[in-house]
Amino acid sequence: MADAPRVYRQRERQVDARAEGAPDHLDGLNDEQRLAATASGAPLLIVAGAGTGKTRTLVHRVAHLIETGVRPERILLLTYTRRAAQEMLSRAERLVGSASRSVQGGTFHATANRLLRRFGPAAGLPGDFTIMDQGDAEDLMQIARATLGVAQRNKRFPKKETLQYLYSRHVNTERSLDALLHDEFPAFVDWQKDIERVWGDYTRRKAERNLVDYDDLLLFWALMLDQSPELGARIASMHDHVLVDEYQDTNALQSRILRGLCGANGRLTVVGDDAQSVYSFRGATVRNMLDFPAQFTGARVVTLERNYRSTAPILDCTNALISRASERYSKRLWTARTGGEKPWLVAARDESQQTRFVADRILELHEEGVPLREMAVLFRAGYMSADLEIELARRKIPFDKWGGLRFLEAAHVKDVLAFLRILENPRDEVSWYRILLLMPGIGETTARAAIETMAQLAWDSGAFGRYAPPPRARPAHDALVALLEAMRNATPTDYAQVSADIARVRTMYDELLRDKYDRPEPRLADLDQLQVIAAGYPSRLEFLNAIALEPPQGTQDLAAGGADQEDDVLVLSTAHSAKGREWDVVFVIWAVDGFFPLARAIGDDDQVDEERRLMYVAMTRARNHLFVTYPIHTYGTRRGADYTMDQLSRFLDRGVRETMERVALGDNDATAPPDTSPPAQPVDLRALLRGRFNA
DNA sequence: TTTTGAAGTCTCTCC
DNA sequence: GACTTCAAAA
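Residues 1 to 695 in this note's numbering are what the first sequence spells out, letter by letter.
Don't read these hints as lab results, they were simulated from the structure. Watch out, some of these pointers could steer you wrong.
[Stated by the list, open to error] Distance condition first, Cα-Cα at most 16 angstroms in a straight line; then the derived EDC-like pairs of lysine to aspartate or glutamate: (1) K396 / E424; (2) K396 / D567; (3) K414 / D528; (4) K342 / E327; (5) K342 / E661; (6) K159 / D139; (7) K193 / E208.
[What the hints assert, rightly or not] The following label-pair restraints were derived from C-beta to C-beta distances: (8) D567 / D27: 54 to 60 angstroms; (9) S323 / T38: 30 to 36 angstroms; (10) R156 / A503: 32 to 38 angstroms.
For each residue, glycine too, the CB sits at the ideal point set by N, CA and C.
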């Protein structure tokens, strides 16, 4: 408490030095924002429409709390990405100085990780656990599934992905397996008992192998809070204020954590927009927002409706789009930014014309002075930008693709990480299994036998060396033992140790890659990149944690090793990853039924609604120019087309189209119909081939 | 028991 | 068009 006033005075001096009539930090906020930033005491829900200065308000609230004497380290700021937390804290720093640096911030999962490392040992969870990502969890689920033999008995038993999905849903939504099966997988209701047995085995294996999955991070946090009065009280007492961003995308479990953390009438601030709820596949529910006043007694609700981001024509369009949704906290966004052109609705003949339009327009706007980094191309799913990426590369337009965790999900990257993980946690069965299967001469049976032996030897670090492999696996076994031995003996204090670890793994692994692929180069390049990233971390454990919890958002982040890049680079992004960002110019491509909304969502009203909100998120990212494009013909090149009649997205109905400028791209660059008349000088193709191969 | 090749499946969003 | 699963060969 003692240093808070000092912070305040420090800021005053800074401000005084800068200019006379220095603005109070609340200046520049409108009435609602100011109310939200300064409200005290009771739980607070800020309903903030797109572009209404949500981040700004939250930043000012943090600043206000600090200025009114709250110690920064006693403020917890939960955001959706690490990037969002960093951005907010650096903005807060500009308002109240460096004190804000000690505000605790991060994602729910990263915060859970911090707490578990610290308090886990007091709750029966060793502090050196390994975090599994979703793919690892699926692999372990597969091991459990195979071990129990349920898959053989039941021909149509859920696959590992489904088992993992159901488990995750069960944990995050707090709904029973029975209910989930009835709602989403009626075909599997009869297997409920077997699914529970697989889950049981999965849970046992995680405990034995010191593994923790994403869902456990949250679940353990919640359990510490409400199953252990003493521990719960200690954790809850660490913070005086908790602020949560993107509240519409939190789930039932996260809500329970917040109740445990703040109590029913605690100092909790949440910000969200029900119209932008797009993570129901992760168990998120707008119920958290709708029920907030009921769950937190005496809660105040402040609504922000003035949009500062977009021009009036863009806002008219997005307002029309979202008005079709069954929104619960109704709000009418308005703006003073009159003028500007209507959003374009661009009909292209096919994908390549759509691509050319986007690339052309980007170059034109760039010519006119819009930096590339102020433009973004958004789409429903990662693969939809493939054609555009090729074209951009051809035209030498630099871009940075966000979204999708492709890099870390790539098999070769996971393989290399598995080596680091078994060094960190010798009991990591998932990683052992993965590594063993890579080795020539070792298949499923041998891998299992080796793991079984190691388990019997209590996972001693030399246990693998004492396993006696069948003759055909001898060379591989020897090589692996030697490699692990060498890595264990490496001085752990080496600078760039993690990077060196990877280099050692590669002395063996690169060969395997070369054997497996005809073109190993791109994969080898990925591993080079992994080494560069790893060099930025002081230890294996921190590197592995960071990789699991804070995956780099785009390729640019990777290349820069986490540092900020000043390069002027265009952004390509999934609509999901674009959440919370804004650009001068935004292109939304593939506005076609079957693509946006995705075909698989069609037929389920709730899912279609979510797709609509997702398109709303995409379109509301635009400040000055918005282009929505759709190819008229998709030529069935993609499966989505099977379910569609190549129609414009259903979300752009008449009312919405009226707010847009319709543009049909001319056929001037269309290829002429093929000339089918026979050539004057026929050629004998077969003869040419015979000649070439002496056949 | 492992490897290989062929048939078959399903395509997303992310911590 | 990539990845998994299944069946047969080594």
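Consistency of the hints with the structure:
{"no.": "1", "hint": "K396 / E424", "in the structure": "42 angstroms, violated"}
{"no.": "2", "hint": "K396 / D567", "in the structure": "14 angstroms, holds"}
{"no.": "3", "hint": "K414 / D528", "in the structure": "14 angstroms, holds"}
{"no.": "4", "hint": "K342 / E327", "in the structure": "25 angstroms, violated"}
{"no.": "5", "hint": "K342 / E661", "in the structure": "6 angstroms, holds"}
{"no.": "6", "hint": "K159 / D139", "in the structure": "11 angstroms, holds"}
{"no.": "7", "hint": "K193 / E208", "in the structure": "23 angstroms, violated"}
{"no.": "8", "hint": "D567 / D27: 54 to 60 angstroms", "in the structure": "34 angstroms, violated"}
{"no.": "9", "hint": "S323 / T38: 30 to 36 angstroms", "in the structure": "32 angstroms, holds"}
{"no.": "10", "hint": "R156 / A503: 32 to 38 angstroms", "in the structure": "46 angstroms, violated"}
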